[in-house]
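Sequences listed follow chains A and B, in order. When you read off a place in the first sequence, starting at 1, and then add 464, the result is the number in the working numbering. When you read off a place in the second sequence, starting at 1, and then add 189, the result is the number in the working numbering.
Hints in this document: simulated from the structure, not taken from any laboratory. Glycine included, each C-beta is placed from N, C-alpha and C at the ideal position. Hints may contain errors.
As the list claims (entries may be wrong) - Restraint ranges, calculated between C-beta atoms of paired labels, are given here: (1) A/Asn505 <-> B/Leu298: 13 to 23 Å; (2) B/Pro291 <-> A/Ser467: 20 to 30 Å; (3) A/Pro577 <-> B/Glu245: 39 to 49 Å; (4) A/Gln490 <-> B/Ser256: 25 to 35 Å; (5) A/Thr516 <-> B/Glu245: 26 to 36 Å.
As the list claims (entries may be wrong) - As a list, the in silico DSSO-like pairs of lysine-lysine whose alpha-carbon atoms are at most 27 Å apart: (6) B/Lys246 <-> A/Lys513; (7) A/Lys479 <-> A/Lys576; (8) B/Lys207 <-> B/Lys246; (9) B/Lys207 <-> A/Lys509; (10) A/Lys519 <-> B/Lys246; (11) A/Lys509 <-> B/Lys200; (12) B/Lys246 <-> A/Lys509; (13) A/Lys564 <-> B/Lys254.
Claimed, not checked - Stretch by stretch, here's where chain A covers chain B in the computed footprint (C-beta under 8 Å, at least three residues): (14) 232-239; (15) 280-290.
Below, each chain spelled out in residue letters.
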Amino acid sequence: GDSVTQTEGLVTLTKGLPVMLNCTYQTTYSPFLFWYVQHLNEAPKLLLKSSTDNKRTEHQGFYATLHKSSSSFHLQKSSVQLSDSALYFCALSHNTNTGKLTFGDGTVLTVKP
Amino acid sequence: EAAVTQSPRSKVAVTGGKVTLSCHQTNNHDYMYWYRQDTGHGLRLIHYSYVADSTEKGDIPDGYKASRPSQENFSLILELASLSQTAVYFCASSGTEQFFGPGTRLTVL
Chain A
465 GDSVTQTEGL VTLTKGLPVM LNCTYQTTYS PFLFWYVQHL NEAPKLLLKS STDNKRTEHQ
525 GFYATLHKSS SSFHLQKSSV QLSDSALYFC ALSHNTNTGK LTFGDGTVLT VKP
Chain B
190 EAAVTQSPRS KVAVTGGKVT LSCHQTNNHD YMYWYRQDTG HGLRLIHYSY VADSTEKGDI
250 PDGYKASRPS QENFSLILEL ASLSQTAVYF CASSGTEQFF GPGTRLTVL
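Please build the complete structure, drawing on both the sequences and the hints.
Now the structure itself:
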């Protein structure tokens with residue numbers, strides 16, 4: 465079956481530094497990849513999505529590129545802010561319109577002053 | 190913006206009791222989902238539905254039932270609640286992306 469792996473459980477950074485959160489996946493289907501962000505005591509919200517190989521997608525200063533050759537969809541930001549502190553999930557689907565999502569375990573990003 | 194609401198927002202239940210979690214969406218979406226979230230884990234799919242009066246098993250359906258009486262409403266039912274079902278439960282609906290409700294924090298004692 466499908467699987468998503470996020471290798472970092474916890475990332476702590478100082479404000480203004482760059483960040484990369486890792487996401488790799490396994491599927492036998494054509495993949496749709498997503499990043500969701502969940503702030504404390506809130507619902508997950510969609511941050512980025514992509515199904516196009518080698519094309520960078522950006523939103524709210526975050527960006528990611530789907531690389532099918534390496535089955536990766538790493539999330540990056542050039543300069544983190546205190547408000548970026550949250551839980552970040554990578555997720556995989558077969559069908560962006562109706563498909564089930566398979567989530568990774570998530571990475572907690574903590575940004576310090 | 191698309192809206193998904195859940196009730197109750199939190200609940201304390203006794204072991205062996207019956208628990209019903211409700212979800213309502215005003216997005217006119219066909220697909221609805223129930224997930225559970227445990228500390229240190231991602232969201233895991235319990236049940237989902239793509240049409241009223243029909244539900245499908247997700248990845249961890251054991252101990253849960255689901256009901257979709259209308260396009261707007263999707264319930265998760267724990268017939269005999271157990272300690273291991275203490276978690277936060279999220280409902281979602283999807284069109285081109287999934288929209289999540291605010292979550293229900295369930296504590297089984």
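Now for the hints, and whether the structure bears them out:
| no. | hint | result |
| --- | --- | --- |
| 1 | A/Asn505 <-> B/Leu298: 13 to 23 Å | holds (21 Å) |
| 2 | B/Pro291 <-> A/Ser467: 20 to 30 Å | holds (28 Å) |
| 3 | A/Pro577 <-> B/Glu245: 39 to 49 Å | holds (47 Å) |
| 4 | A/Gln490 <-> B/Ser256: 25 to 35 Å | holds (33 Å) |
| 5 | A/Thr516 <-> B/Glu245: 26 to 36 Å | holds (29 Å) |
| 6 | B/Lys246 <-> A/Lys513 | holds (25 Å) |
| 7 | A/Lys479 <-> A/Lys576 | holds (6 Å) |
| 8 | B/Lys207 <-> B/Lys246 | holds (20 Å) |
| 9 | B/Lys207 <-> A/Lys509 | violated (30 Å) |
| 10 | A/Lys519 <-> B/Lys246 | violated (34 Å) |
| 11 | A/Lys509 <-> B/Lys200 | holds (23 Å) |
| 12 | B/Lys246 <-> A/Lys509 | holds (24 Å) |
| 13 | A/Lys564 <-> B/Lys254 | holds (18 Å) |
| 14 | 232-239 | holds (count 5) |
| 15 | 280-290 | holds (count 7) |
When each numbered hint is compared with the structure, violations occur for hints 9, 10.
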